[in-house]
Amino acid sequence: MRSPQVIVTSPDDWMAHQLADLVREHRWLIQTVRKPEAAIPWTRELRPTLLLVQVDPTQTSSVSGLQLVRDVHRTNSDVPCVLVCDVKLPEESRIEWTMAAFDLGARFVLFPPLTKPTLEDLVSGLMLTTIRRTQGGGNLDG
Amino acid sequence: MDTADDPTTPVPNPRFAWRSVFHRTETAVFVIGANRRLQYANPAWERATRADFQKLRGMRISARRSAGLLSQSLAPPAEVWAGREAQVRRIAPDADTGPPWWDFSFLPLPDDQGRILAVLGTLRVHGEFNRSASAVLPAIGELRRQHAATFPLDLFTSQTPDGQRLGVQIRHAATSLAPVWIIGEPGTGKETLARVIHQAGPGRDRPFVALDCESIQPYLLESILFGKGGILAGGISTVFLKYPARLPRDLQQRLVETWTAPESRIPRVISASGQPAIQDVQAGQLIPEFHTQLSVWELTLPPLRDRLDDLPRLMDTLLRRVPSLSTPEVANDALLSLQAHRWPGNIRELDQVLTTARERAGSGPIRREHLPRSVQESSLLTSPGHSTESRTWTLDGVLESTERRLIQLAMSRANGSLTEAAAALGIFRTRLTRRIEALGLHQEPPRCDPPK
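Protein chains in written order, with the numbering used here: chain A, 27 to 168; chain B, -12 to 439.
For reference, chain A alone in the conformation it holds in the complex (with noise of 0.2 Å):
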């Protein structure tokens, strides 16, 4: 099996950052894109993969971030897709964005306060699931 990675989609380095000792110490690999469609190739590497989409809700380029969760959902649904907003949001929006992620195929949705620790709690939960089911063995009880 090759190497798993973490795809981060970001205008920054602040989430590969805040990710790199757990990445590192599980012995995968982290890749950071700008862009969301420049993610897409990625997704589709013959590996354990798993991705996590920064946006702006209040921007209109963030619709781009929602379009990959959808099409990485549809073409590969065993990439596990986590929508991070850094965008601090009165709860109405914030509760029609994580319908709206979920509905499109996101497996979490992050809001600030965005610690370190949650976002290894997120991530370590999803890499253990992800390479079990890339090896086929899936839930343990059937």
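Any given hint could turn out to be false.
[Claimed, not checked] Just a sample of chain B residues kept apart from chain A, beta carbon distances all over 10 Å, derived:
1) T109
2) I127
3) E390
[To be verified] Here are a few chain A residues that face chain B, going by a calculated C-beta distance under 7 Å:
4) D47
5) M125
6) A126
7) F128
8) L130
9) K142
Worth flagging that the hints you see were computed from the coordinates, not collected in a lab. Treat the numbers as computed from the prediction; the structure is a model and nothing was measured. We put the CB at the ideal spot given by N, CA and C, even for glycine.
Given chain A, put chain B in place with the hints provided.
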């Protein structure tokens, strides 16, 4: 002109009219001199940082804690002083976690000899509260409509009697809002079925939320369900729980109570597991109320090996899923190998096999040699055109086939390493080598992991 009072090598610091260039811009701009002191900041910077530049002029900019929070925030990374641009995001000094974030761009300004004269920085405050996201949502509505269209009811059409019966059950489950419990091996498409049921039901216009209880920490699930801004506060239509027996019992209880409450905000719950709910209850992993309240309909997805008649249709659906790629033809020799394979990973494995084969085939049809070795080997145990029942078995033939298969599996799992494969088989390496030669097996060189 600011003279460099830094005890390190003094660098000429020519005066530049920063004010005339940046004083009226809306972008927050600041300049750090070669002496690592704040040389200039415009009014936009003062508004963003809520600081008075006149009081901070000459402030030492350093990443050291002793320099203060603001100084640490403004300090360029080391590579900037080495002549490279950098973008960084930092938490604002008065916040423990972001937002607000401060997004910095640092641009070094070198002289003709490459010595850094100053660093030009821009600052953007990111993540301010109360900015509405509603303007973006109409565009997302179209995305959701397109995505929903990929889960039609006929996705589970089948030629087999069990499959046809499942199709009828799906239609009934879709029109009812009773909770559904989907049973299936890993990779059989339990979430896909849940989405099909949701899209065929009366609540299709509202969101579908899938929660993986196996991979998401319970406290995160609890926050997304019941926390501030949690999905239960919104108008969702269907909650899909994958492996709910993985949830802590108190969270299971809370879900049941939420569902059974008179003012429940969850119109439908669909759960999925590898076994019936009653078995999870008997194993002590699921509370009995979950079984009685949330598994009214039980739908069983057959493993792929029991529905090989559907293989051509499934392959066509999977190959057409990527609209940007052409749909390759599957040659007969490949089809025979695919039909002979046992598919322990079910449709998920089929998807991975087809993806690999499409890549290897390029623009041509998918042939047997494009399939993964494990699938190719499956057809070695079954003669094409003959069923296993009509084949004559000899003891030596069966033993040799079994030995061949075991050695190939062991070599595959050991990534071609003879030593590891021999250890896995419980034999000496020399014996393994002799048997490989005797059976005429092709030995591939060990595969290496990519460098970290």
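Tested hints:
no., hint, verdict
1, T109, "holds (13 Å)"
2, I127, "violated (5 Å)"
3, E390, "holds (23 Å)"
4, D47, "violated (14 Å)"
5, M125, "holds (4 Å)"
6, A126, "holds (5 Å)"
7, F128, "holds (4 Å)"
8, L130, "holds (6 Å)"
9, K142, "violated (9 Å)"
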